Every structure is written in structure tokens, then in C-alpha cells.
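Using the sequences provided together with the hints, build the complete structure.
Here the protein sequences line up with chains A and B, keeping their order. Quick note on our numbering: the first sequence kicks off at 1 and runs consecutively. Quick note on our numbering: the second sequence kicks off at 1 and runs consecutively.
If you are wondering where the hints come from, they were derived from the structure by calculation, not from laboratory data.
As a list, the in silico BS3-like pairs of lysine-lysine whose alpha-carbon atoms are at most 25 Å apart:
{"#": "1", "chain 1": "A", "residue 1": "166", "chain 2": "A", "residue 2": "6"}
{"#": "2", "chain 1": "A", "residue 1": "161", "chain 2": "B", "residue 2": "94"}
{"#": "3", "chain 1": "A", "residue 1": "80", "chain 2": "B", "residue 2": "113"}
{"#": "4", "chain 1": "B", "residue 1": "94", "chain 2": "A", "residue 2": "166"}
Note that the structure is predicted; figures quoted are calculated from it, not measured.
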Amino acid sequence: MFKSDKIYIIIPAYNEASLIPLVLKDLINNGYKNIIVVDDGSTDNTSDIVKNFNVDLIRHPVNMGPGAAIKTGIDYALLKNAQIMITFDADGQHLAKDIPNLISPIINNQAEITLGNRFINNMSNVPVFKKIILKTGAFLMFLMYGILSSDSHNGLKAISKSAALKINIKSNGWEYCSEIIEEIMLKKIKYIEVPVTVKYSDYSIKKGQKIYNSFYIVSKMFLKWIFG
Amino acid sequence: MHPIYIISIIFIIAVIINIFIKIKDKKLILNELIFWILIIIALILISVFPDFAVKTAHFFGFKSGFDFFIALSILVIFLFLFNIYKKIRILEEKFTRLIENIAINNFINSSIKNENEINLKNHKDENKDI
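Below you can see the structure in the form of C-alpha cells.
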């Protein structure tokens, strides 16, 4: 029997003081109690704001990147004997109402990982330039790893304990999303894509991954693909 | 004498001085020593037997010794780059694990400390009531 207190939400946060209270309120109001915020060496008052909520706040002494923050969150959740870990962005792009759909395939043993996909059902108002970048990235993922996911860089994912123990995230930056896809392929982890909504605001577009950043991610993945 | 041979001789002397300084300071590791000895041998062969470079280049299908030198340099640089990339990745992974452990341990320790403080406060309050 699955216990809801074994669900942990992991939020990597870097300088998110302005929106993280809304994200935490959304999650808490939807009944999620186990929330882990990994402050990735923020230089603003993110930590001070998070301390006002009843959540676990882990602080990286220096900024390491979202991949490293997710890894810290997963390792801590595993220490707490989490059964399902949900990675959730701190910039207000994700909605707590999507979580039940995301975890349902894991609870029903249909998958070990569920990947949020903003393109299924087209519920998100994705800007055109973002769509082009994401689709190109997804095509490159298909060429490199043979997995066709139209939204490989969506931060909203649910990971079961069994999958978390198999996946080894080595990348510190945004390329961790591609690395998870690679690990799914290499370790033959059962996955399902679930439609989710991604809210776009001026803030999230400004904070999110830039075009030049996508070139950097591709070059890093390519180097890793060649050199291992 | 061709200028390249004068440069080679100066370079050989500089490398030998560098090796002696490092041996004196006990800073030279075996791999490094082997690498520099191979460089010195190659430079001596080129300087003493000028035809050697040309013949070697022709043997490997290059038109001139210079082309061969450039191709070989690119190969050596690529190997160095590969080695450095690997080392940086390993160091980055170790550093990340270290930061992660520090972050989790700090949080667990602060939680235990807070819990102890609350327990102590409750204990004091109970004693007051008695």
C-alpha cells in the first residue's frame, strides 16, 4: 500500500526570492507536506524566505547548478526513505495540480519515472523560440540516445525510489535533464510522459534557459558522449 | 645552420635545465620525466640528422617535415586535452559530492540542534511547573 507521506517534492532554487513563496504556498495548499528546497548558493534572501515555511531547507555553500541541487535533493529524500520524488521548478512555472497525474503511473506500477511534457495536449502557451529550441534539443536527444521525448528539458518529473537508486546524475548544470534521458535508455528504466502545464511569465522567460545556454548544454552533452 | 636547429638546441638546453631544477626540488614525477626525455630525443634526432624528420614525414605520407610536425602536434594537444577534460570531470564530480555532503550534514546537524533546544526548553518549562 502506498503512503502519501512518502512523496517528497524537491525544489532547486537559485535567487528565487520573489516567486518561491507562491510556489511553496501552492504546494502546501494542495496538501504536500514533504518539501525539500535546495538553495543552490543564492545571493539574495531566498533562504530567509524559505525558512518561514515548514519545509526542509538544504543550502549549498556555493552555486553548483540545478543538476547538483537535484542530486542533493534526491539523496536527502532517499535518506528520509522517500518512495516518490518530484522535481519541481522554483520559478512558478509548474503547478501543484499536475502532481497527482504525474505520480499515478508510478503508484500503479506502470512506470518508474514519469516525465512532464508541456507539448502533449498543448496546455502550455510555449513561446515560439522556446518551442524551436526544445524540439531541436529533443531531436538531438533522439539522435544521441534513441529516446524520442518532445520535452526532455521539462523540470517537472516524478522519480520512484527504485529509479532514483539506478540513476546517476553527474552533470551539475541544466544538462542533467538530458542525462536522466540517457540513464533511462542505458538502464532500461520504465518511463511514461505525462501532460503538464508550464506557465510562462516574463519572469520565468527571463530566468529560464537562454538560447546560448542550449548551445552550451548540447556541447557539454556531445563532449560527454565522446569522452564518456 | 638552419634557424630551426638553433631554436631546437636552445629548447633542448631549456628543457634539460627545467628537468634538473625539478629533480633538485623533487617535483618531477616519472610520467613527466619520460615525456620530456622523449621530446629531447626527438629534438636531438631532428637537429643531428636533419633528413630524419623529412624521411619520417615521407614514411607517414606527409609531403614535408613541417606538415608532419603540425599533425603530430595536433595529435599530442588532443591527447592532452582529453586527459585534462577527464581530470576536470573527475574533480568536478568529487567537488559536487563534497558540497552535497556538507549541505546535507549541515542541515541534519542544525535540525538535531533545533530539536535538542526545543526538548531542553520543554524540560525547563516542565521543571518550572513542578
